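Novice: What follows is each chain in one-letter form.
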Amino acid sequence: MSANIFIEFVINVLSMGSLYALIALGLVFVYGICNLVNFAYGEFITVSAYVLYFVGTFTDLPWWLVFLIAIGSGALTGFLSELIAFRPFRGRSLDALLVTSFAVSIILQRSFQLGISPRSRAVPVPDFFNINVSLLGVVTPLRNMLLIGTTIILLIAVLILMRRTSLGIAMRGASENFVTARLMGVPANLVISIAFVISGILAGVVAIFWSARTGSVEPMMGSGPLLIGFISVVIGGMQSLVGAVVGGYVYAFIANMLSLTLPSSLLSFRDAIMFVIVIAFLVLKPEGLIRGKYQEERVG
Amino acid sequence: MKKRMIMILVFVLVLALSLMSMAGCDRREGSESVDNGDKLIIGGAMSVTGIQGSLDSPAMEGVELAIAEVNAAGGIDGKMLEFRNMDSKSDSATAAEVAKQLVDQGAVAIITSSDYDFGGPAARAAQEAGIVGISPSASSPLFGSEMLGDKQFTLSMWNTTMGAVMAEKAYGDGMRTAYVVTDDFIDYTKSLSRYFVECFEKLGGEVLLEDVFSQGRLDTAALIAHYKALPEVPDFIYISSYMPDLGTLIKEMRTAGIDSPIYGGDAYDDPALFELLGEDFGNDIYWDSHSFNSEEAVPGFNEYYAAYKEMYGRDVDAPWSMAGYDVVMVLSEAMKEVGTDGAKMAKYMEDNSFECMTGTLDWSDAASGHEPNKAAAIMKLVDGKSVFLGWATPEYLPEP
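Line order of the protein sequences matches chains A and B.
All residue numbers for the first sequence refer to this note's numbering, where the first residue is 1 and numbers rise by one.
All residue numbers for the second sequence refer to this note's numbering, where the first residue is 1 and numbers rise by one.
Simulated from the structure, these hints should not be mistaken for lab results.
On a predicted model such as this, the values are computed, not experimentally measured, just so you know.
Among the hints, erroneous ones may be present.
Claimed, not checked - For each label pair, taking beta carbons as the anchor points, the in silico distance ranges come out as:
id: 1; chain 1: A; residue 1: 3; chain 2: B; residue 2: 295; range: 53 to 63 Å
id: 2; chain 1: A; residue 1: 83; chain 2: B; residue 2: 400; range: 53 to 63 Å
id: 3; chain 1: A; residue 1: 275; chain 2: B; residue 2: 190; range: 19 to 29 Å
id: 4; chain 1: B; residue 1: 400; chain 2: A; residue 2: 134; range: 26 to 36 Å
id: 5; chain 1: A; residue 1: 80; chain 2: B; residue 2: 352; range: 52 to 62 Å
id: 6; chain 1: B; residue 1: 190; chain 2: A; residue 2: 91; range: 46 to 56 Å
id: 7; chain 1: B; residue 1: 130; chain 2: A; residue 2: 61; range: 52 to 62 Å
id: 8; chain 1: A; residue 1: 126; chain 2: B; residue 2: 400; range: 40 to 50 Å
id: 9; chain 1: B; residue 1: 216; chain 2: A; residue 2: 283; range: 46 to 56 Å
id: 10; chain 1: A; residue 1: 115; chain 2: B; residue 2: 259; range: 54 to 64 Å
id: 11; chain 1: B; residue 1: 382; chain 2: A; residue 2: 275; range: 34 to 44 Å
id: 12; chain 1: A; residue 1: 269; chain 2: B; residue 2: 130; range: 38 to 48 Å
id: 13; chain 1: A; residue 1: 93; chain 2: B; residue 2: 385; range: 48 to 58 Å
id: 14; chain 1: A; residue 1: 275; chain 2: B; residue 2: 353; range: 24 to 34 Å
As the list claims (entries may be wrong) - Derived lysine to any residue pairs resembling SDA-like cross-links, with alpha carbons at most 20 Å apart:
id: 15; chain 1: B; residue 1: 190; chain 2: A; residue 2: 10
id: 16; chain 1: B; residue 1: 39; chain 2: B; residue 2: 342
id: 17; chain 1: B; residue 1: 228; chain 2: A; residue 2: 261
id: 18; chain 1: B; residue 1: 228; chain 2: A; residue 2: 258
id: 19; chain 1: B; residue 1: 228; chain 2: A; residue 2: 272
id: 20; chain 1: B; residue 1: 228; chain 2: A; residue 2: 4
id: 21; chain 1: B; residue 1: 228; chain 2: A; residue 2: 5
id: 22; chain 1: B; residue 1: 228; chain 2: A; residue 2: 268
id: 23; chain 1: B; residue 1: 228; chain 2: A; residue 2: 3
id: 24; chain 1: B; residue 1: 228; chain 2: A; residue 2: 10
id: 25; chain 1: B; residue 1: 309; chain 2: B; residue 2: 68
id: 26; chain 1: B; residue 1: 79; chain 2: A; residue 2: 3
id: 27; chain 1: B; residue 1: 309; chain 2: A; residue 2: 117
id: 28; chain 1: B; residue 1: 228; chain 2: A; residue 2: 6
id: 29; chain 1: B; residue 1: 190; chain 2: A; residue 2: 266
id: 30; chain 1: B; residue 1: 228; chain 2: A; residue 2: 68
id: 31; chain 1: B; residue 1: 228; chain 2: A; residue 2: 117
Don't be surprised by glycine CBs; every beta carbon is placed ideally from N, CA and C.
The whole structure should be built from the sequences, with the hints applied where relevant.
Specialist: Below, the structure is given as structure tokens:
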């Protein structure tokens with residue numbers, strides 16, 4: 001492997017891994033607190049991407065404000081979906097919550113298809129996203145560097161939130177043992193709402209970088225990141241935030257490694273190979289690379 | 001109890017939304033010989049939702065425009081046309097199902113999705129019912145009488161033409177070496193590359209590498225790495241794919257500094273692609289398709305444009321709408337001449353040639369597959385805007 005290819009590989013793994021880590025983190029935030037695998041998470045991302053498209057195309061607002069509005073819309077979607085769809089079922093069976101998340105996902109997807117258009121829409125991104133920068137002799141778009149930087153900042157922010165604030169401590173408590181945390185006076189509604197809002201914020205950030213890469217948004221776009229998020233958390237571990245981040249980077253590493261080494265004729269089997277690896281994880285190491293502190297079934 | 005009620009409500013909502021997408025669906029009981037009185041139903045098994053929706057929805061606009069025009073001119077022998085579309089949801093099983101329902105409702109012809117994989121099952125259902133099925137722009141050579149039956153047509157040129165025209169165009173532009181990327185998504189994407197490569201190699205061109213990826217699982221990093229590892233820089237790139245991944249791939253290649261010309265087929269004919277590439281990346285891209293939005297390319301376009309704008313309140317964007325318009329015009333002409341009998345309509349369509357918004361069209365007979373004899377419009381992208389270069393028919397046409 002020549003030096004250039006190696007550096008390119010590292011940049012690809014770091015930038016893709018950062019995106020995947022953010023996706024996985026958004027999923028695990030909600031799973032950790034409510035034990036809910038949120039199938040509507042992909043649609044949170046789609047909502048933000050559509051907001052990027054609408055605000056970016058039809059207003060003259062500066063790009064940073066457009067980004068903030070998109071992230072805000074992700075947070076709002078998270079908050080509202082919890083309030084309207086998930087809260088009424090809390091405390092009931094996990095199956096009910098799971099089905100609800102499917103329902104939210106389908107309702108949102110269908111709304112985009114019928115209310116906006118089944119056709120893809122070009123999402124405007126600021127010019128500097130597509131500028132190429134040269135790093136150690138390798139040319140890469142600036143947005144990859146921005147993505148890595150943004151992820152580091154967000155991970156530090158999450159770390160501070162979880163370790164240093166009373167809200168974070170309450171959330172960690174709730175994620176380890178929800179019933180006990182409630183008995184200790186942790187307000188359930190607040191903690192769960194905040195988990196959904198944080199998940200929505202992460203979805204908003206993901207939407208920016210995902211649509212900057214694809215250049216467009218369409219009603220089904222959420223399914224791609226959702227699948228990646230699932231695979232990452234299966235690899236990393238459903239129970240821990242660190243696991244989600246590790247899972248994201250490991251996924252990016254394996255995917256890039258396969259892309260680089262598989263011959264063209266086998267390239268279309270890359271995902272099949274990825275799924276085999278995931279199945280292997282589920283069979284051999286169901287708790288993922290990073291174990292959470294408590295593995296028992298919780299009741300939300 | 002309250003929570004259970006809410007849960008039921010959610011299910012009802014989901015169900016209602018799913019049903020909403022079956023636009024215009026009012027299934028009737030008693031399917032045997034439906035008397036539709038003074039109207040003729042044209043059934044639509046086109047996709048409003050899913051990946052095919054982006055091609056079918058403009059075609060559907062053209063269909064509705066043509067129906068309004070035919071009715072304004074007095075309909076067919078005093079009977080008004082009614083277009084009834086049921087969303088086939090970009091799903092082959094659903095396409096067959098909705099086509100059967102439309103047949104039950106007394107449809108005299110079925111307009112299918114603009115693709116063989118998504119539209120073929122609806123055509124089969126039409127064939128079983130003995131009526132004409134026609135796709136506005138399915139271009140796979142599988143979409144014809146050989147695979148689907150003697151009453152099934154596509155208004156589009158086949159991929160044999162689409163691939164050959166671009167091979168001759170590229171070769172004529174002085175291109176000798178190609179890097180070919182094929183999306184193995186559907187027969188359209190696969191067969192287009194196959195015919196392109198066959199024609200390009202026959203002309204004397206060389207394909208340095210053929211890469212494959214799957215729609216929805218695009219790995220741009222791998223394709224770009226393969227491109228960069230080629231023994232020599234190819235003269236051009238041929239990509240056969242579908243939106244949205246098509247747009248992502250071109251954009252990523254351009255971002256990675258790959259500025260070779262890119263050639264492709266009618267999937268490029270999407271305003272979303274032009275907008276996505278913009279001024280920065282929207283250059284040196286060539287494709288062939290069914291039509292072009294200008295009077296210069298399509299005599300009568302201005303009139304079409306005015307009617308379209310009056311009906312929808314906006315400009316014509318994707319030229320796909322003209323294919324939908326043409327389908328209705330061809331069906332109406334056949335019905336005017338020979339009535340609504342499927343076999344007679346099919347015979348009329350085989351025997352005559354049609355002046356369409358998408359060019360002159362002449363189908364071969366059922367024994368030779370209803371092969372459409374049609375020219376392709378060639379376009380290029382300049383600063384993110386599509387420019388019409390001319391109509392072309394290939395000198396060499398590969399066997400389907």
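Novice: Work down the list of hints and note, for each, if the structure agrees.
Specialist: Results for each hint:
1. A:3 / B:295: 53 to 63 Å: holds, 57 Å
2. A:83 / B:400: 53 to 63 Å: holds, 57 Å
3. A:275 / B:190: 19 to 29 Å: holds, 23 Å
4. B:400 / A:134: 26 to 36 Å: Since residue 400 of chain B and residue 134 of chain A have Cβ atoms about 48 Å apart, the given range 26 to 36 Å is violated.
5. A:80 / B:352: 52 to 62 Å: Since the Cβ atoms of residue 80 of chain A and residue 352 of chain B sit about 58 Å apart, the hinted range of 52 to 62 Å holds.
6. B:190 / A:91: 46 to 56 Å: holds, 51 Å
7. B:130 / A:61: 52 to 62 Å: Given a distance of about 58 Å, which is inside 52 to 62 Å, the answer is holds.
8. A:126 / B:400: 40 to 50 Å: holds, 47 Å
9. B:216 / A:283: 46 to 56 Å: At roughly 26 Å between Cβ atoms, residue 283 of chain A and residue 216 of chain B fall outside 46 to 56 Å, so the hint is violated.
10. A:115 / B:259: 54 to 64 Å: Distance hint for residue 115 of chain A, residue 259 of chain B is violated at roughly 38 Å.
11. B:382 / A:275: 34 to 44 Å: holds, 43 Å
12. A:269 / B:130: 38 to 48 Å: Holds, at about 43 Å.
13. A:93 / B:385: 48 to 58 Å: About 56 Å separates the Cβ atoms of residue 93 of chain A and residue 385 of chain B, which means 48 to 58 Å holds.
14. A:275 / B:353: 24 to 34 Å: violated, 51 Å
15. B:190 / A:10: violated, 33 Å
16. B:39 / B:342: OK: residue 39 of chain B and residue 342 of chain B at ~17 Å, within 20 Å.
17. B:228 / A:261: holds, 14 Å
18. B:228 / A:258: Holds - the C-alpha atoms of residue 258 of chain A and residue 228 of chain B are around 17 Å apart, at most 20 Å.
19. B:228 / A:272: violated, 25 Å
20. B:228 / A:4: Holds: residue 228 of chain B and residue 4 of chain A sit about 11 Å apart, inside 20 Å.
21. B:228 / A:5: holds, 10 Å
22. B:228 / A:268: holds, 19 Å
23. B:228 / A:3: Distance ~14 Å between residue 228 of chain B and residue 3 of chain A Cα, so the pair holds.
24. B:228 / A:10: holds, 17 Å
25. B:309 / B:68: Judged against 20 Å, a Cα distance of about 13 Å means the pair holds.
26. B:79 / A:3: violated, 74 Å
27. B:309 / A:117: holds, 18 Å
28. B:228 / A:6: This hinted pair holds, its Cα atoms lying about 14 Å apart.
29. B:190 / A:266: holds, 16 Å
30. B:228 / A:68: At roughly 37 Å apart (the allowed maximum being 20 Å), residue 68 of chain A and residue 228 of chain B break the hint.
31. B:228 / A:117: Measuring from Cα to Cα gives roughly 37 Å; hence the hint is violated.
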